[in-house]
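S.K.: Chain by chain, the residues run as shown.
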Amino acid sequence: EDQVTQSPEALRLQEGESSSLNCSYTVSGLRGLFWYRQDPGKGPEFLFTLYSAGEEKEKERLKATLTKKESFLHITAPKPEDSATYLCAVQGDYKLSFGAGTTVTVRA
Amino acid sequence: DAGVIQSPRHEVTEMGQEVTLRCKPISGHDYLFWYRQTMMRGLELLIYFNNNVPIDDSGMPEDRFSAKMPNASFSTLKIQPSEPRDSAVYFCASSLGGTDNEQFFGPGTRLTVL
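Protein sequence lines correspond, in order, to chains A and B. Per our numbering, residue 1 is the first one in the first sequence, and the count goes up by one each step. Per our numbering, residue 1 is the first one in the second sequence, and the count goes up by one each step.
Excised from the complex, chain B in its bound form (with noise of 0.2 Å):
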């Protein structure tokens, strides 16, 4: 299996511009995860889902970002208007039979908005 895919793997954008993140689980993997990763906070939870449906969004930081899992293979992750200050890298991690289990991470899209 080629792991958790992640695309693109750097953005650079202005402040204002729609950003989409994409994500491909590991094959029958039914936890997806998003996590947003700085040097002040370090590693955070953003969303994640069982089965394609989202669990639990408490950890979306505000209502410009928004996540879908419309399959069990692909899931975005949407910034609309994107800021500065959501510079950061993003990772998607997938696992098997939930948040208990070891997670597989994958190699992150480093965002910078300008």
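In isolation and in its complexed conformation, chain A is listed as follows (with noise of 0.2 Å):
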């Protein structure tokens, strides 16, 4: 069965504090990785879409790494305004399955 485990849960930095989120998964046939931003009171917002091991995508202080198992996105330097729920979904041969989240908290 497809499984996608995000962590940590929650996540509280001082602003310029970098650290980085883990999302692992077990799928049959991975299509695509994706990373989602969600606000408090909206829907999700795509960041990055990975197809591949090795693969590496960036977007200001955001950069998505993915390997066979998992998928990491760094923060580098994060702003109060990085503040906000992180999905991953990971999209395999029969299924889209979502993480629960990590909510991070960036204090100035």
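In case anyone wonders, no lab produced these hints; they're calculated from the structure. Values in this document were obtained by computation on a predicted structure and should not be read as measured data. A hint or two may mislead.
FRET-style restraints, in silico, Cβ to Cβ [claimed, not checked]:
1. A:Glu17 / B:Glu18: 47 to 53 Å
2. A:Arg12 / B:Glu62: 36 to 42 Å
3. B:Pro8 / A:Asp39: 41 to 47 Å
4. B:Gly98 / A:Lys69: 22 to 28 Å
5. B:Thr112 / A:Glu45: 21 to 27 Å
6. A:Glu9 / B:Asn51: 36 to 42 Å
7. B:Glu18 / A:Thr5: 33 to 39 Å
8. A:Glu45 / B:Arg85: 37 to 43 Å
9. B:Arg9 / A:Asn22: 31 to 37 Å
10. B:Gln17 / A:Ala77: 47 to 53 Å
11. A:Ala77 / B:Gly3: 27 to 33 Å
12. B:Arg85 / A:Arg12: 29 to 35 Å
13. B:Asn71 / A:Gly16: 45 to 51 Å
14. B:Ser66 / A:Gly16: 48 to 54 Å
For the chain A half of the interface with chain B, some residues (derived, Cβ under 8 Å), not all of them [as the list claims (entries may be wrong)]:
15. Leu30
16. Lys42
17. Gly43
Coverage of chain A stretches by chain B, computed from C-beta distances (three or more under 8 Å per stretch; other residues unrestricted) [unchecked claim]:
18. 20 to 26
19. 44 to 50
Think of the CB as a built atom: it goes at the ideal place given N, C-alpha and C, for glycine as much as any other residue.
From the two separate chains plus the hints, produce the assembled complex.
M.R.: Pasting the structure below:
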């Protein structure tokens, strides 16, 4: 059965304190791994798609990487506006599954 | 483009009543998805359509739930009869080209069943 596990559940950072979020997965036939950002009271907003191990993508202070078993979302020198819940999703051969998310709080 | 539009934004109803949620996808997108989000279960895919045809409804929790897409610019998710455990935020999303591509989410409908 396809499974997506995100850790930690919550992360509190000081502004400028870099850190990483983890998304580990088991899936039959990876067709894509997605990272979304969700602000309170809003729908998820697309950040990245990764398709194969070794692939990396960057956007401002965020960088996503992918291996055969997990993905990391690195946040470099975060700012308070990076506070949000970050969701990982995996599209396998048969199913699209979302993780429970990591809630990031960045204090000024 | 206005993005994905959902209505209503909030719905409060009593157990046993019929509830209809509405969605207008981004123009030109050929895939439409319905999700449910709760604290306990996170974000769950209920059903998705391709070119107005339901492709996978394996996530629909039970027969009380039904979804339709009569044309490329409109979809509904209906719950009849509603139960308190249906209380959740329901999101609609659309994409171009398939489930392997990024999805654009609407603002959601917060449903409360009393």
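S.K.: All hints are to be evaluated individually against the structure, with a verdict given for each.
M.R.: Tested hints:
| no. | hint | result |
| --- | --- | --- |
| 1 | A:Glu17 / B:Glu18: 47 to 53 Å | holds (50 Å) |
| 2 | A:Arg12 / B:Glu62: 36 to 42 Å | holds (39 Å) |
| 3 | B:Pro8 / A:Asp39: 41 to 47 Å | violated (20 Å) |
| 4 | B:Gly98 / A:Lys69: 22 to 28 Å | holds (24 Å) |
| 5 | B:Thr112 / A:Glu45: 21 to 27 Å | holds (25 Å) |
| 6 | A:Glu9 / B:Asn51: 36 to 42 Å | holds (38 Å) |
| 7 | B:Glu18 / A:Thr5: 33 to 39 Å | holds (37 Å) |
| 8 | A:Glu45 / B:Arg85: 37 to 43 Å | violated (28 Å) |
| 9 | B:Arg9 / A:Asn22: 31 to 37 Å | holds (33 Å) |
| 10 | B:Gln17 / A:Ala77: 47 to 53 Å | holds (50 Å) |
| 11 | A:Ala77 / B:Gly3: 27 to 33 Å | holds (30 Å) |
| 12 | B:Arg85 / A:Arg12: 29 to 35 Å | holds (32 Å) |
| 13 | B:Asn71 / A:Gly16: 45 to 51 Å | holds (50 Å) |
| 14 | B:Ser66 / A:Gly16: 48 to 54 Å | holds (50 Å) |
| 15 | Leu30 | violated (10 Å) |
| 16 | Lys42 | holds (6 Å) |
| 17 | Gly43 | holds (3 Å) |
| 18 | 20 to 26 | violated (count 0) |
| 19 | 44 to 50 | holds (count 4) |
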